[in-house]
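Protein chains in written order, with the numbering used here: chain A, 2 to 318; chain B, 2 to 318.
Derived from the structure by calculation, the hints contain no laboratory data.
Incorrect hints may appear among the rest.
Since copy identity is lost for identical chains, a pair holds within one copy or between any two.
As the list claims (entries may be wrong) - Calculated cross-link-like contacts (lysine to any residue; reagent style SDA-like; alpha-carbon spacing at most 20 Å):
hint: 1; residue 1: K117; residue 2: R19
hint: 2; residue 1: K106; residue 2: E304
hint: 3; residue 1: K106; residue 2: F14
hint: 4; residue 1: K239; residue 2: A13
hint: 5; residue 1: K138; residue 2: G102
Number of protein chains: 2
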Amino acid sequence: MSPIRFRGGEFAFIDWIRAQKSPPGEGLILGPGDDACVIDLGADSRAALTTDMLLEGTHFDLNTVSAAEVGWKAIGVNLSDIAAMGMEPVACLAAVGLPEGRGRKFAEELYRGMRKCADRFGVPIAGGDVTSWRETKTVVCVTALGKSAGKEPVLRSGARTGDVIVVTGELGGSLLGRHVRFVPRVLEALTIVRGYAPHAMIDISDGLSSDLGHIAMESRVAAVLDESRIPVSADARKASGRDGRAALEHALHDGEDFELLMTMAEGDAQRLVKDKPFTTPVTIIGTVREGNELFIRGADGAERVLEVRGYEHLRGE
Amino acid sequence: MSPIRFRGGEFAFIDWIRAQKSPPGEGLILGPGDDACVIDLGADSRAALTTDMLLEGTHFDLNTVSAAEVGWKAIGVNLSDIAAMGMEPVACLAAVGLPEGRGRKFAEELYRGMRKCADRFGVPIAGGDVTSWRETKTVVCVTALGKSAGKEPVLRSGARTGDVIVVTGELGGSLLGRHVRFVPRVLEALTIVRGYAPHAMIDISDGLSSDLGHIAMESRVAAVLDESRIPVSADARKASGRDGRAALEHALHDGEDFELLMTMAEGDAQRLVKDKPFTTPVTIIGTVREGNELFIRGADGAERVLEVRGYEHLRGE
Chain A
2 MSPIRFRGGE FAFIDWIRAQ KSPPGEGLIL GPGDDACVID LGADSRAALT
52 TDMLLEGTHF DLNTVSAAEV GWKAIGVNLS DIAAMGMEPV ACLAAVGLPE
102 GRGRKFAEEL YRGMRKCADR FGVPIAGGDV TSWRETKTVV CVTALGKSAG
152 KEPVLRSGAR TGDVIVVTGE LGGSLLGRHV RFVPRVLEAL TIVRGYAPHA
202 MIDISDGLSS DLGHIAMESR VAAVLDESRI PVSADARKAS GRDGRAALEH
252 ALHDGEDFEL LMTMAEGDAQ RLVKDKPFTT PVTIIGTVRE GNELFIRGAD
302 GAERVLEVRG YEHLRGE
Chain B
2 MSPIRFRGGE FAFIDWIRAQ KSPPGEGLIL GPGDDACVID LGADSRAALT
52 TDMLLEGTHF DLNTVSAAEV GWKAIGVNLS DIAAMGMEPV ACLAAVGLPE
102 GRGRKFAEEL YRGMRKCADR FGVPIAGGDV TSWRETKTVV CVTALGKSAG
152 KEPVLRSGAR TGDVIVVTGE LGGSLLGRHV RFVPRVLEAL TIVRGYAPHA
202 MIDISDGLSS DLGHIAMESR VAAVLDESRI PVSADARKAS GRDGRAALEH
252 ALHDGEDFEL LMTMAEGDAQ RLVKDKPFTT PVTIIGTVRE GNELFIRGAD
302 GAERVLEVRG YEHLRGE
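So here's chain A without its partners, still in its complex pose (with noise of 0.2 Å):
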């Protein structure tokens, strides 16, 4: 057993459900607990598969953000999803749950954000579903479907002792509005797998503490951090100077950075910095080790235990 321990017991329910013993699916390469799950389709051809239902006082405040934003990140972290698997997207589906009084311009306005994130990479909404109803709250569910990138999709169980830890953008304070308008790693993610052989992969949702764990846990390996190459954001200095917390915790442990977190052999990662093959910013962060523990290593040299923090939703459940 790992001693890296989440919180909350949506975890719990969902270990539950993993531990339901499930029949053999025969074209099922890859089941939950990754990004996406893995599907053989045969001919050869494999389909990623990966759902976000986005629920309204949750997920999103719509004091502070837009229809317009709400319907970019629900398709922004299915896409953020399935790049994460090293693979490509090729269709997103959107269902959505409309409060009566919302009326037909949000209805527009959330479609015309969708649309401008799979807009921006050429994947389409091929379906969904529509339905209003007496609630006050919205619901977006979208589904993104990918294929194959020529590679083996990259699970969050490969890293591998000796890799190094390595992350995209910069981390912290998306709840600032980053959370509503990144753009997800689906460039980067390709260009990476068909280029620099990742091992392990995820995307940042939980929070970089968080989603390191899950690699470390699914891989059953440690990982060590390194304090002064954590790339805090310009929004986790600003979240500090709100709430007094360091910029450094906000990078750790804030979420919805949607960013890329993988390891991979040192010489490619070096191989990537070097290259700039893209202009998101890359970071060497760490190093992957034998281990079932989180370390961050200080300015001194030191290690400590990193908690693992779990995202906090809006509500600060």
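Dock chain B against chain A, hints included.
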């Protein structure tokens, strides 16, 4: 323009969505507007994808149905959609939004209902998303992925003049309980597709009149039902006894029967009826001809226009 009219604001919004110019998705074979979309995954492989969101209070009432029944229905409606494309379901995803007050036992019962339906067809629940929220209503959104059954997908738009109209099972009164206990016609659809060459197919979710309207409109044909041949269910008669509406009206308009409605060459239909390749009843209920309206022929041989009535949700919108 077809004179067939569908009711309701959701149909209007869906029309708006379909009118939005979509950039050509290179892998998109069939976009919104059928039971599922169809996507080319390369390597001679095609996938069908569909999603349905069930909203408490609109699609189900937990005072009259159990959590397990909701779970069964959530999977069943999606398997039914894949079946109606003449394709084979290979995986499902389940996203749920759970009121905090419902508790863990409710969540487990919901999941067990899903698994019971999915297991019956050997379809894995390959992933999903679980979130709790402070609202009092439950949201369930399931997605199903299908693969080719070795034949071309069977669309709503394929009906031809001279075809006969065929339906499985018996219709009407599903709200008395069948709407959460129906068996999706997966095996029947695959048998029919492989052996009897249906030209158009849809599953009856909105109601016979409405779903026949979808086939007629998409295929640019007229359809004539034979009143005496409509398989009226015992539930339709029971519902008639309660509300005084004719049992035939229930069979024509109630919806949520989740039976297969098809058109095919008369010879193939007669062979299907004679072969009885499965125990589910199959009935020839009408014919397809040139035109753009729906008709129903009474016992006296006189035809009248068949009004399209969309499915009325629980709350009678």
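Hint by hint, here is what the structure shows:
| no. | hint | result |
| --- | --- | --- |
| 1 | K117 with R19 | between (35 Å within a copy, 16 Å between copies) |
| 2 | K106 with E304 | neither (54 Å within a copy, 42 Å between copies) |
| 3 | K106 with F14 | between (37 Å within a copy, 10 Å between copies) |
| 4 | K239 with A13 | neither (33 Å within a copy, 44 Å between copies) |
| 5 | K138 with G102 | both (10 Å within a copy, 17 Å between copies) |
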